[in-house]
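Asker: Below, each chain spelled out in residue letters.
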Amino acid sequence: MRSMSKKLVYLTLCCLTLASCGQAASDSSSAPASSSPAASASGSASAAATGDANADEKIDLTFYYPISVGGPLTATIEQMTQEFTKQNPNITVKPVYTGSYADTAVKTQAGVQSKTPPDVAVLQSTELFSLLDMNAIVPLDDFIAQEGGASYLSDFYPAFLANSQTDGKTYSIPFQRSTIVLYYNKDKFKEAGLDPAKPPKTWQEMKDYAKKLTHDGTWGLEIPVTGFGYWMLQTFALQNGNNLMTQDGKKVMLDTPENVEGLQYWTDLSKTDKVMPEGATDWGTVPSDFLEGKTAMMYHTTGNLTNVKKNAKFDFGVSFLPANKTYGSPTGGGNFYIFKDIDPKKQEAAWKFVKFMTESERAAQWSIDTGYVAVKKSAYETERMKQYTAEFPAALVARDQLEYASAELSTHNNGKVMKTVNDQVQAALTGTLKPADALKKAQEEADRALAAFNK
Amino acid sequence: MRWKTNVFAWLLLLPSLVFLFLFTFYPIAKTIRLSLYQADLATSKPLFVGVDNYVRLLDDSIFLKVLTNNLWFALGTVPASIALAMVMAVFVNKATRGIGLVRAAFFYPTVIPMIAAANIWLFIYTPEYGLLSRAVTALGASDMNWLGSPHTVMWALIVMMVWKEAGYFMIFYLAGLQNVSPDLYESAYVDGVSRWTIFRKITFPLLMPTTLFVAIVALTNSFKLVDHLMVMTKGGPDNASSLLLYYIYETAFSFWDQGVASALTVVMIGLLLLLSALQFFGLDKKVHYQ
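Those protein sequences? They're chains A and B, same order as listed. Residues 1 to 455 (the UniProt record's numbering) are what the first sequence spells out, left to right. Residues 1 to 290 (the UniProt record's numbering) are what the second sequence spells out, left to right.
FYI, nobody ran anything at the bench for these hints, they're computed from the structure. Careful: at least some of the hints might be erroneous.
Here are the simulated DSS-like pairs of lysine-lysine, each with C-alpha atoms no more than 27 angstroms apart in a straight line [said to hold, decoys possible]:
#1 K115(A) with K65(B)
#2 K250(A) with K45(B)
#3 K441(A) with K65(B)
#4 K224(B) with K440(A)
#5 K115(A) with K45(B)
#6 K286(B) with K107(A)
#7 K30(B) with K251(A)
#8 K340(A) with K45(B)
#9 K45(B) with K271(A)
#10 K455(A) with K224(B)
#11 K30(B) with K107(A)
#12 K224(B) with K107(A)
#13 K434(A) with K65(B)
#14 K169(A) with K45(B)
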C-alpha cells in the first residue's frame, strides 16, 4: 500500500515536470501569442510602455566579457546589466566574466563549435575575420537601420568603426576601446631641464629628450613588446603614413621602406642610443617601471590611464605619440558581437543590450571608470564627462588622437599573422635579425598564412 | 564459477573504464583522426589530407625550434631537479632541530599555484629593480633583461623549474629513505665505511625505484610547462622560450588550426611514450627492488 502511494507521487511529479517543460517550449515557440490581450495584460506596465509586441516574453541572454585592465570592473559590469533589466524587465542578462581577451576568444569559439555560443560577447575587435571564417556572427546592419542607419553610426568615432566593418557591412559595435598614448613623468622632465608642458612632438625630439632623461637607474623611454610587438610596430608604421594591412584583411604590407625605417628607429633607441632597455620589454612591467620612476616616458594603452592616475606619486603628463610624417596610433580593445545560431528574438534582445551599453551617458561613465576612450562623440558632450575632463584634461588626449588613429592589425588567419609580426619584431629588437631582414621574413610568412584567402 | 568472478571484476572496473574511455582513449582516437584532416579557418569543413600535416611540421621552422628548446629544457631541468631533490631529502631526513621548518621551506614551492609562482619569478627577473638584477649589480656585474634576451631566457626558465620541482620530488625521496632499513646503515657504520661510500653503495642504489618514478614524472613535466610561459614570456623573444605544449596551445587556440594542433599533439604523445619506454626499460635493469 505504501509503495503504491509512493509510486503515485512519483508519477504525479513526472507528469508535472513534463507539463511544465511543454509549457515552456510552447511559450518560446509561439511568438505571436504574446501579442494576445491576455498575455500583454500579464506583462508589467513599464514593458508595455516600450510599445514592443514581444516585450513581456521572458528572454535570458548570456553575455561573455573579458577584462584586461586593473580595477574592480566586474562589479561595474554587473551593475550595468542590472540597470538594463530594470529598464527591460523581460530581458535578463547573465554576465559571465571570461578572463583575458584570449581566454574569452577560446571560450567563445568552443561554444560556437559545440553549437552553444553566447548570445552576445565582448571580444577583441581584431577577431572579426576569424569569427566570420567560422560563420559565428551576424551583421548588424538591419538593427542599425532601425536606429537610423548612417546617422546612428556617425556618432561613433570612425577610427573605432574601422575594425567593425568589412565588405560594406558592420559586424560589431565598439565598447572598450583605446589608443596608445605617451605617458611622461613631469618631475623627471624638470630635473633634466626640459619643459614639462612640452612633451616630444617628433621622432627626433623624442630621441633627444630620451637621451637627456636617461641616467643611472632611469631609462628615457620604454616601449612594451611581449604580446604587443605588432601593435607598437603599427604606431611607427602609421606615423610614417601607412597601416600594415588592407581593410578586407587579405593582404599585409610589412616590408615597406617606411616600416623598415620605423623599426630601425625603434631598435636604434636601445641598441645605438641606449635610451631604452634592450630586448623584449614586458607589457605588464612597463607601467610598474613608470610608476616606480624607472623610466621617464612610456608608450602604453590609454586603458591604463585611471590606473596610472591612481598610483603615480609624481606629476605626470599624457600626450600624442610623437610624429614623423604624421601623428598616428592604432586603436585597440573590444567590441560587442551578436551570435548567429541563436533565436532571432534573442538577437533582437542582444541588440537592445548592446545599444544600452553604448548609450552616451553610460559610455561616458565607463570611460571615467576605466580610462578607455568613450566610443561615441556625444559622450563627451555629457555633463559628467565635461566635469571630469575639466579637472583631468589628460583624459581627452586619446580621444583627440583618434583623428590620426587607424584600425588595429586585423586579417584573416589573424592569430598566425599577428604572431609572425610579433616574432620578427622581437628578432629585430633582440638583435637576431636586422630590421629590414626581419620585416622581409615577416612578410613572407604572413603571405603564406594568407595564401588560402587570396585564391 | 570462474566467469562469475570475472564478471564481478569487470563490473568493479567499469566506472573507471568508462571515464578512461571517455576522457583518455576517445579523445586520443579523435585527435589522431583529426590530425589527418586540414581543419583551419580557411576550410569550412575538415578536409582529409592524409599525413600532410605531419609533413608540413618538418618544414615548420618554429616547430623545429620549439622541439630543440624542449630537449634542452628537459636536459636542463630533469637531472638537476632530481639531484637537488635527492640532496635535500638526505639533508632533511636527519633528525635535527627545526627540521619541520626546513622541510616546509623546501616543500613550499610545490604548494603555491603555478600562476603565483610565475608572477613571483617575473619580478625576480625584472631588470633594474628585480631581485636578481639587484644581486648582480651589487656584485658589480652588468644588469641584464633576463627574460627579454634570447640568450638568457631559457636558463631563467630552467632555474625556476628546478626550484619549483625539486621540493616536490624531495617528498618521494623522503618516503624512499624512510623505507631503507636502518640495519644496513648500522652494519656499515660498525664496519667503519665512509659517509660518501654509504651514500654511493647503500642509499643511492636503494633509492633507484624512486628515481625511476621521479625521472619519468620530471620528464613529462618538462614537456607540460605552459602556464609559466603564458605569464612570463609568451614564448618570446622570437620563440626562444617556446615549448611544445605552448606551441600546441597557440596553434589550437590562437591560430585555430585544429589539424596541425592535433598532429603536434600526436607527435608529443609519441615522443613522451618513447622517452618513458626508454627510461623504463633502460633503467629498470639497474633498479633494486627490495
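Asker: Each hint should be assessed against the structure and marked as holding or not.
Answerer: Against the structure, the hints come out as follows:
1. Pair hint K115(A) plus K65(B) does not hold up; C-alpha atoms about 36 angstroms apart against a cutoff of 27 angstroms.
2. Restraint check for K250(A) and K45(B): satisfied, since their Cα atoms lie roughly 20 angstroms apart, inside the 27 angstroms limit.
3. Restraint check for K441(A) and K65(B): the C-alpha separation of about 16 angstroms stays at or below 27 angstroms, so the hint holds.
4. Only pairs whose Cα atoms come within 27 angstroms are accepted, and K224(B) paired with K440(A) is rejected, the gap being roughly 33 angstroms.
5. A threshold of 27 angstroms between alpha carbons decides the hint, and for K115(A) with K45(B) the separation of about 15 angstroms falls inside it, so the pair holds.
6. For a cut-off of 27 angstroms, the pair hint linking K286(B) to K107(A) is broken: about 48 angstroms separates their Cα positions.
7. For the suggested pair K30(B) and K251(A), the alpha carbons sit about 34 angstroms apart, so the restraint of at most 27 angstroms is broken.
8. Restraint check: the Cα-Cα separation between K340(A) and K45(B) comes to about 18 angstroms, which is no more than 27 angstroms; the hinted pair holds.
9. A distance of roughly 48 angstroms separates the Cα atoms of K45(B) and K271(A); the hinted pair therefore is violated under the 27 angstroms criterion.
10. In summary, the hint linking K455(A) to K224(B) is not supported, as the alpha carbons are separated by about 38 angstroms, beyond the 27 angstroms threshold.
11. At most 27 angstroms may separate the alpha-carbon atoms for a hinted pair to count; K30(B) and K107(A) meet this at roughly 20 angstroms.
12. Under the criterion of a C-alpha separation no larger than 27 angstroms, the hint pairing K224(B) with K107(A) is consistent with the structure, at around 21 angstroms.
13. Distance restraint check for K434(A) and K65(B): the Cα-Cα separation of roughly 20 angstroms lies within the 27 angstroms cut-off, and the hinted pair is therefore satisfied.
14. Restraint check for K169(A) and K45(B): the C-alpha separation of about 25 angstroms stays at or below 27 angstroms, so the hint holds.
In terms of the numbered hints stated before, the structure departs from hints 1, 4, 6, 7, 9 and 10, listed from lowest to highest.
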